[in-house]
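If you read the sequences in order, they're chains F and C. First residue of the first sequence: 104, per our numbering; consecutive thereafter. First residue of the second sequence: 104, per our numbering; consecutive thereafter.
Some clues are possibly wrong.
Stated by the list, open to error - Below are the BS3-like pairs computed for lysine-lysine, each with C-alpha atoms no more than 25 Å apart in a straight line: (1) F:K105 x C:K148; (2) C:K191 x F:K213; (3) C:K300 x C:K288; (4) C:K288 x C:K105; (5) F:K110 x C:K288; (6) F:K275 x C:K213; (7) C:K172 x C:K105; (8) C:K151 x C:K105; (9) F:K191 x F:K154; (10) C:K191 x C:K165; (11) F:K240 x F:K213; (12) C:K160 x C:K149; (13) F:K110 x C:K105; (14) C:K151 x F:K191; (15) C:K110 x F:K191; (16) C:K275 x C:K240; (17) C:K284 x C:K226; (18) F:K110 x F:K191; (19) F:K302 x F:K315; (20) C:K226 x C:K212; (21) C:K288 x C:K275; (22) C:K212 x F:K191; (23) F:K151 x F:K172; (24) C:K191 x F:K226; (25) C:K191 x C:K212; (26) C:K240 x C:K288; (27) F:K191 x C:K213; (28) F:K160 x F:K191; (29) F:K160 x F:K148; (30) C:K226 x C:K290; (31) C:K154 x C:K105; (32) C:K226 x C:K300; (33) F:K212 x C:K191.
To be verified - Ranges between beta-carbon positions, derived for each pair: (34) C:K149 x F:E311: 21 to 31 Å; (35) F:F221 x C:N262: 17 to 27 Å; (36) F:L157 x C:K288: 48 to 58 Å.
What the hints assert, rightly or not - A few chain F residues that don't get close to chain C, going by computed Cβ distances all over 10 Å: (37) L147; (38) K154; (39) F224.
Since the hints were made in silico from the structure, they are not lab data. Bear in mind that the values here come from a model prediction, so they are computed numbers and not experimental data. Even for Gly, the Cβ is constructed at its ideal location relative to N, Cα and C.
2 protein chains.
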Amino acid sequence: MKYSSSKENYLKAIFHLQEEDGVVTTNALANELQTRPASVTDMLKKLKTQKLLLYEKYQGFKLSNEGKKVALQIVRKHRLWEFFLVEKLHFGWEEVHDMAEELEHISSKKLIDRLDEFLGFPKNDPHGDPIPDSSGKLAMKQHISLLDIPLNTLAEVSNISDQSIEMLELLKHKSIAIGTKLEVKRKFAFDNSLELKIKNQSAITISESVAKNVFVII
Amino acid sequence: MKYSSSKENYLKAIFHLQEEDGVVTTNALANELQTRPASVTDMLKKLKTQKLLLYEKYQGFKLSNEGKKVALQIVRKHRLWEFFLVEKLHFGWEEVHDMAEELEHISSKKLIDRLDEFLGFPKNDPHGDPIPDSSGKLAMKQHISLLDIPLNTLAEVSNISDQSIEMLELLKHKSIAIGTKLEVKRKFAFDNSLELKIKNQSAITISESVAKNVFVII
DNA sequence: ATATTTTTTTAGATTTGTCTAAATTTATTT
DNA sequence: AAATAAATTTAGACAAATCTAAAAAAATAT
């Protein structure tokens with residue numbers, strides 16, 4: 104079955120919001136997709152007709168199994184293309200998102216499976232997010248917030264949950280990226296700010312609000 | 104400026120028909136795009152409004168300079184993606200067309216220039232068609248002797264330099280004519296004879312003295 | 001528990017690209 | 001040169017995805 108780019112975008116957005124907040128609302132979805140609530144309602148009805156969504160008006164909605172399957176294939180495509188753009192075409196991981204938004208709608212499954220093979224079956228995309236396998240299975244791995252790791256323990260940045268331009272700009276300035284190895288040296292109780300040490304660099308400080316969006320594996 | 108996939112398809116189709124036949128007709132274009140003449144007329148008006156096409160009703164049409172420029176960028180994208188699919192993802196050159204039809208509408212110019220670089224600035228796509236450079240310049244097809252083309256590369260017979268009755272009789276027997284598409288499968292060092300494969304036919308052998316008079320474009 | 005606010009949905013319009021059927025223009029025949 | 005045929009265009013309709021404005025339902029506050 105093939106779906107329009109627009110439908111695919113809805114499915115992906117619902118999938119992400121569902122993961123994050125458990126429940127998805129019409130307004131939240133409209134906000135995520137930069138559109139109007141009325142447009143969302145229109146599309147929800149279409150997705151229901153195609154059995155991609157379980158939806159009763161005013162009663163909320165969530166993806167059907169089929170809808171989840173389609174969403175995972177799009178997530179897979181998005182993340183593999185991002186990996187390709189960074190690893191092979193040498194883009195920075197902060198500039199690939201928009202290109203991947205387009206590439207994720209290329210339909211051929213054979214193409215994406217070949218791309219996966221060409222890239223060496225990567226487990227995570229350049230932002231640290233896991234890449235679903237060919238059958239759509241998503242490996243869960245535990246990302247821990249910087250706030251929750253013990254002092255003086257080497258940790259590797261695996262994921263940035265807030266990927267706003269502003270956040271990325273700040274992290275770039277502090278030399279923090281996916282894969283950066285660091286240790287938390289001090290925690291200040293007053294404002295929950297952290298002092299970090301990155302190998303071969305001088306100590307830096309980040310606020311609680313930044314730290315809670317930086318996830319690591321230890 | 105960004106154009107819809109549909110507009111891009113029209114521009115590309117007009118470009119190709121223009122190359123081939125000099126003049127393009129509404130019917131020919133409808134046939135090429137598998138659509139109806141009425142739909143073509145509708146689109147021609149839109150393309151004119153956007154100054155991509157010079158068009159006066161009932162008087163025929165052709166691409167403006169701007170339209171040609173856009174068409175060449177799409178051709179560039181199509182051929183680079185085909186090259187990528189064959190060289191990097193190991194698809195056969197006969198199975199990549201539909202995928203490239205989708206990929207050619209990915210908008211980022213930076214992406215396609217990086218891809219070009221990644222691929223080593225190839226001059227021709229897997230079908231032998233020339234790839235426009237970053238500025239949209241299209242290298243003129245050169246006529247090369249069959250003796251000088253690489254193995255397993257699709258070539259189209261463009262010229263026969265010796266047009267004696269004897270030569271033409273021989274070529275007729277071998278089913279070789281202007282426009283015939285073939286590949287050189289083997290070169291025998293002993294007598295420089297060649298083994299050729301024409302689509303849908305069994306392999307044939309020709310001598311060096313015949314081959315040097317058959318020119319092709321790749 | 002009623003009033004108010006917020007969220008969601010409906011009704012009707014708009015844009016893009018397509019279609020069919022009919023009209024018009026151009027080309028071809030006799 | 002008039003008649004016929006072919007090519008092209010117009011008129012009016014439709015589907016997909018979106019929008020605005022208004023109505024309906026649910027949530028919240030007094």
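Now for the hints, and whether the structure bears them out:
In summary, the hint linking F:K105 to C:K148 is not supported, as the alpha carbons are separated by about 30 Å, beyond the 25 Å threshold. With a C-alpha separation of about 14 Å, the suggested pairing of C:K191 with F:K213 holds against the 25 Å cut-off. At most 25 Å may separate the alpha-carbon atoms for a hinted pair to count; C:K300 and C:K288 meet this at roughly 7 Å. A threshold of 25 Å between alpha carbons decides the hint, and for C:K288 with C:K105 the separation of about 43 Å lies outside it, so the pair is violated.
With a C-alpha separation of about 46 Å, the suggested pair F:K110 and C:K288 falls outside the 25 Å cut-off, and the hint is violated. At roughly 22 Å between alpha-carbon atoms, F:K275 and C:K213 fall within 25 Å of each other, so this suggested pair holds. With a C-alpha separation of about 13 Å, the suggested pairing of C:K172 with C:K105 holds against the 25 Å cut-off. The hinted pair formed by C:K151 and C:K105 meets the criterion: a straight-line CA distance of about 16 Å does not exceed 25 Å.
With a CA separation close to 38 Å, the supplied pair F:K191 and F:K154 exceeds the 25 Å bound. For a cut-off of 25 Å, the pair hint linking C:K191 to C:K165 is broken: about 36 Å separates their Cα positions. The straight-line distance between the Cα atoms of F:K240 and F:K213 is roughly 17 Å, inside the 25 Å bound, and the hint therefore holds. A hinted pair counts as satisfied when its Cα atoms are at most 25 Å apart, and C:K160 with C:K149 qualifies at roughly 13 Å.
Of the pairs offered as hints, the one joining F:K110 and C:K105 holds, with about 21 Å between alpha carbons and a cut-off of 25 Å not exceeded. With a C-alpha separation of about 39 Å, the suggested pair C:K151 and F:K191 falls outside the 25 Å cut-off, and the hint is violated. Only pairs whose Cα atoms come within 25 Å are accepted, and C:K110 paired with F:K191 is rejected, the gap being roughly 31 Å. A distance of roughly 37 Å separates the Cα atoms of C:K275 and C:K240; the hinted pair therefore is violated under the 25 Å criterion.
Annotation: proposed proximity of C:K284 to C:K226 holds, straight-line Cα distance about 19 Å (limit 25 Å). Distance check on the hinted pair: F:K110 and F:K191 sit about 29 Å apart at the alpha-carbon level, beyond 25 Å; violated. Distance hint between F:K302 and F:K315 is fulfilled; the C-alpha atoms sit about 21 Å from each other, no more than 25 Å. As the CA atoms of C:K226 and C:K212 are separated by approximately 18 Å, the hinted pair is consistent with the 25 Å bound.
Note on C:K288 and C:K275: the hinted pairing holds, with a Cα-Cα distance of about 20 Å set against a maximum of 25 Å. Pair hint C:K212 plus F:K191 holds up; C-alpha atoms about 16 Å apart against a cutoff of 25 Å. Distance hint between F:K151 and F:K172 is fulfilled; the C-alpha atoms sit about 15 Å from each other, no more than 25 Å. Between C:K191 and F:K226 the CA atoms are separated by roughly 20 Å; this keeps the pair inside 25 Å, and the hint holds.
Note on C:K191 and C:K212: the hinted pairing holds, with a Cα-Cα distance of about 20 Å set against a maximum of 25 Å. Under the criterion of a C-alpha separation no larger than 25 Å, the hint pairing C:K240 with C:K288 is inconsistent with the structure, at around 31 Å. Only pairs whose Cα atoms come within 25 Å are accepted, and F:K191 paired with C:K213 is accepted, the gap being roughly 14 Å. With a C-alpha separation of about 46 Å, the suggested pairing of F:K160 with F:K191 is violated against the 25 Å cut-off.
Distance restraint check for F:K160 and F:K148: the Cα-Cα separation of roughly 9 Å lies within the 25 Å cut-off, and the hinted pair is therefore satisfied. Between C:K226 and C:K290 the CA atoms are separated by roughly 23 Å; this keeps the pair inside 25 Å, and the hint holds. Of the supplied pair hints, the one linking C:K154 and C:K105 holds, its CA atoms being roughly 13 Å apart against a limit of 25 Å. Between C:K226 and C:K300 the CA atoms are separated by roughly 23 Å; this keeps the pair inside 25 Å, and the hint holds.
Annotation: proposed proximity of F:K212 to C:K191 holds, straight-line Cα distance about 16 Å (limit 25 Å). As the Cβ distance of C:K149 to F:E311 is approximately 54 Å, the hint placing it in 21 to 31 Å is violated. Between F:F221 and C:N262 the Cβ separation comes to about 39 Å, which falls outside the hinted range of 17 to 27 Å. Taken as a hint, the range 48 to 58 Å holds for the pair F:L157 and C:K288, whose Cβ atoms sit roughly 57 Å apart.
Every CB of chain C lies more than 10 Å from the CB of F:L147, the least distance being 25 Å, so the non-interface label holds. Here F:K154 stays apart from chain C, with its beta-carbon at least about 25 Å from theirs, past the 10 Å limit. The beta carbon of F:F224 is kept farther than 10 Å from every beta carbon of chain C, the shortest such distance being approximately 14 Å.
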